[in-house]
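Peer 1: In case you want the letters, here they are:
Number of protein chains: 2
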Amino acid sequence: MSAEIICVGTELLLGEILNSNAQFLALELANLGIPHYFQSVVGDNPTRLKQVLAIASDRSGLLILTGGLGPTPDDLTTETLAEFFGVPLVEQPDVLEDIAQKFAERGRHMTPSNRKQALIPKGAEVLPNPGGTAPGIIWQPRSGLTILTFPGVPSEMHQMWRETAVPFLKRQGWGKQIIYSHTLRFWGIGESALAEKVAPFFHLTNPTVAPYASQGEVRLRVSSRAPSQAEAQQLIEPVVEQLREIAGADYFGANSDTLASVVGQLLTDADQTLSVAESCTGGGLGQMLTAIPGSSHYFLGGVISYDNSVKVSLLKVNPTDLQKWGAVSKPVAKQMAAGVRSLLSTDWGLSITGIAGPGGGTETKPVGLVYIGLAKPDGTVECFKYPLGQNRSRDSIRYASACHALDQLRRRLIIRLNSLL
Amino acid sequence: MSAEIICVGTELLLGEILNSNAQFLALELANLGIPHYFQSVVGDNPTRLKQVLAIASDRSGLLILTGGLGPTPDDLTTETLAEFFGVPLVEQPDVLEDIAQKFAERGRHMTPSNRKQALIPKGAEVLPNPGGTAPGIIWQPRSGLTILTFPGVPSEMHQMWRETAVPFLKRQGWGKQIIYSHTLRFWGIGESALAEKVAPFFHLTNPTVAPYASQGEVRLRVSSRAPSQAEAQQLIEPVVEQLREIAGADYFGANSDTLASVVGQLLTDADQTLSVAESCTGGGLGQMLTAIPGSSHYFLGGVISYDNSVKVSLLKVNPTDLQKWGAVSKPVAKQMAAGVRSLLSTDWGLSITGIAGPGGGTETKPVGLVYIGLAKPDGTVECFKYPLGQNRSRDSIRYASACHALDQLRRRLIIRLNSLL
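For the protein sequence lines, the chains are P and F, in the order given. Each residue of the first sequence is one higher than the one before, starting from 807 at the first, in my numbering. Each residue of the second sequence is one higher than the one before, starting from 807 at the first, in my numbering.
Heads up, some of the hints might be wrong.
Copies of one chain are not kept apart here, so a pair can be met inside one copy or by any two copies together.
Here are the simulated DSS-like cross-link-like pairs (lysine-lysine), alpha carbons at most 25 Å apart as the crow flies [said to hold, decoys possible]: (1) K1171 with K856; (2) K856 with K1003; (3) K1171 with K908; (4) K1136 with K1191; (5) K1191 with K1171; (6) K1003 with K908; (7) K928 with K1003; (8) K1122 with K1136; (9) K922 with K908; (10) K856 with K1122.
Just so you know, the hints here were simulated from the structure itself, not pulled from any lab data. Predicted model, so just to flag it, every value in this text is computed and none were measured.
Using the sequences provided together with the hints, build the complete structure.
Peer 2: Pasting the structure below:
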């Protein structure tokens, strides 16, 4: 038996709010191991809500509804449910008292419309709402069908879910199987190239392996089902190990790791420091590095050399080279990296110079052309050229540039680490 | 006839990502005046996707699908659509060539699995994807039913929607009543404070005025309905004018304006230049400024002085003051701003130093305490103190710090501009 999420609210259909309730409930269901195959969004409209209820109650055993429990005339979820299952509404004196007390506490006057929130379908139980005036219901209108309702306000819904709904579901025998997921993250390899390398794994059934790609990063999600977390983890481990081995250095981390956090850990392990020199990213690389709490232990800072004058005055880029090769070139990228490393006295210096667009591209140097310079602890400097493509947005080119820079540093740090082992 | 949004992706059912595509499309449909009553989410599963298609094609005339167009075996949207409507898939040579070219441009190897992305149902048209390798389709599999497909990657989907889908829908006669929206954007005032100032406007019906708040910014969306864009605009203009007047300097821009773009325009108008000195934001202020194409005309660069040694060596912050007052203090913020202005020879110098957390807070200097320094063209320096609150995340504190810095510069530039009028 599976669950289904139904979010009720015209504001969702108008795009006025993001449906974060669906994501919250989806994650919770996954953690409880309750399968869930469909989500629906429908407006505050009784006819269309009934259509959705007809479809959902036919294919799912647990319907979770959010929204439409408020006091205004357009809040119709409870009465529509009662109508759909042909059951009258009954006023609950204890709910009415609770609502009256909450109004008194807040020094506000209770209006007749709030009385409506004390009506629940005959045979349903109240799902208490400690944070607000709109309670939900727990209802089994017929054998094999359970309905839970929640207000749309996320903070109230979360509390009601955790305090009442989860214990209820566990008592009912839902969530006996744990679903455990582990995400492997990759940079420097495309989705299709990685997918071909690990193709046989896509046929596994427990754990399953599924690929995702977003903004240049590829992920493999390994998910298992088992009666306990320990067993679920045990199913996953050998598969994760094999996938990591196949991917080699393209694998950079797991779950909430980022390129910046991984680079930070490697620098910490090596007891080394880093500085950056940024042109087209304008500070984005520094921002990524400093998004990691504790980054001050290895990241000293850098220079945003957006204008060429700053490349010359602070980073000591040779003006003749700048003139001859242009700001987006191998010699300039290398001198920027060496310059910032020397200026800030760090072990590593990392630079980015490129054409983020939409303007500024030429025949020989199109939009998306990016050079990354890496000045190393031994004083040598490497340079990497990335033709990131002319059809990408300015944001996308800048983001990918910063990620590629971090990735090159990461690969050098791994080589160094391996050579020490 | 109404539209329906169908988002395909197991990652949505697992709660791994927020369904921002549904919100984007919902807003776009509202703006086009296309009614839309249902949204569905379904996993990468052909049987269940067919169930959803059966329901949706029965109740809606325009189905908009996102997700499942990638190269891997679990990307099944296109072939499931073809199967559902009983039509074969046909390889499109021009699409194949486009994919091959994109791989070549990025210096990557095209794999056989990418060939799959060139298959589209017989009779469908290609919906080009300038930003990626997965094209969508525009398809009328039967009279009265139109299907549009998009990849799940938001940036690609947005571009495809705006460049191809919207013109197509207009040609087909959708969206005859124009809904025209104008968004006013505010910084430096809370949602409830602004709402009280403009309360009478919330009762209007055409145009309507609705408030939104996100990450410290408040927005008012003014929307009107009319048969033509010109009439819709005419309804909006006087209301926009009055709202701007009531809000005064807290209003910073409209629609796609950002604090950075507005500051950029003001600097351009004043023919002045800017540099930045960043501590806790680590480059985030520079990144915001350089997100604007053409920012090289007024933004020269800056120093990421994450470590105190860089504040002293490059920005000439007095080591005694640093010792006495600490890095997060008024004297240090002021010296950072003056230091970078002098180092890069710009008209303005803008600095940020603060405690982004989660660690590093003390009794007297809690997490969220931020100082912003502004060195002005006349050589004087101002300082602004922001206690941003201890309960905010590191990301949120860093983002708000950069916005407040831009906002203070904006207000000074406006005063200067007004004094010239």
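Peer 1: Next, verify each hint and record whether it holds.
Peer 2: For each hint, the structure was consulted:
1. Within a single copy, K1171 and K856 get their C-alpha atoms no closer than 58 Å, and across copies no closer than 47 Å, so neither meets the 25 Å cut-off.
2. Taking the closest pair of Cα atoms, K856 and K1003 never come within 25 Å of each other, the shortest separation being 47 Å inside a single copy and 30 Å across copies.
3. For a Cα distance limit of 25 Å, the shortest separation of K1171 from K908 across copies, 17 Å, qualifies, whereas the shortest one inside one copy, 52 Å, does not.
4. In this assembly of identical chains, the alpha carbons of K1136 and K1191 lie at most 25 Å apart only when taken from the same copy (8 Å versus 42 Å across copies).
5. In this assembly of identical chains, K1191 and K1171 lie within 25 Å of each other by CA distance solely inside one copy; the values are 12 Å within and 44 Å between copies.
6. Taking identical chains as interchangeable, the C-alpha atoms of K1003 and K908 lie at most 25 Å apart only when they sit on different chains, with a minimum of 21 Å there against 52 Å within one chain.
7. In this assembly of identical chains, K928 and K1003 lie within 25 Å of each other by CA distance neither inside one copy nor across copies; the values are 57 Å within and 31 Å between.
8. Taking the shortest alpha-carbon separations for K1122 and K1136, only the intra-copy value of 15 Å comes in at or below 25 Å, while the best inter-copy value is 32 Å.
9. Taking CA atoms no more than 25 Å apart as the test, K922 paired with K908 passes inside one copy only; the shortest distance there is 15 Å, against 59 Å between copies.
10. Within a single copy, K856 and K1122 get their C-alpha atoms no closer than 67 Å, and across copies no closer than 63 Å, so neither meets the 25 Å cut-off.
Violated hints, listed in ascending order, are 1, 2, 7, 10; each of the other numbered hints is respected by the structure.
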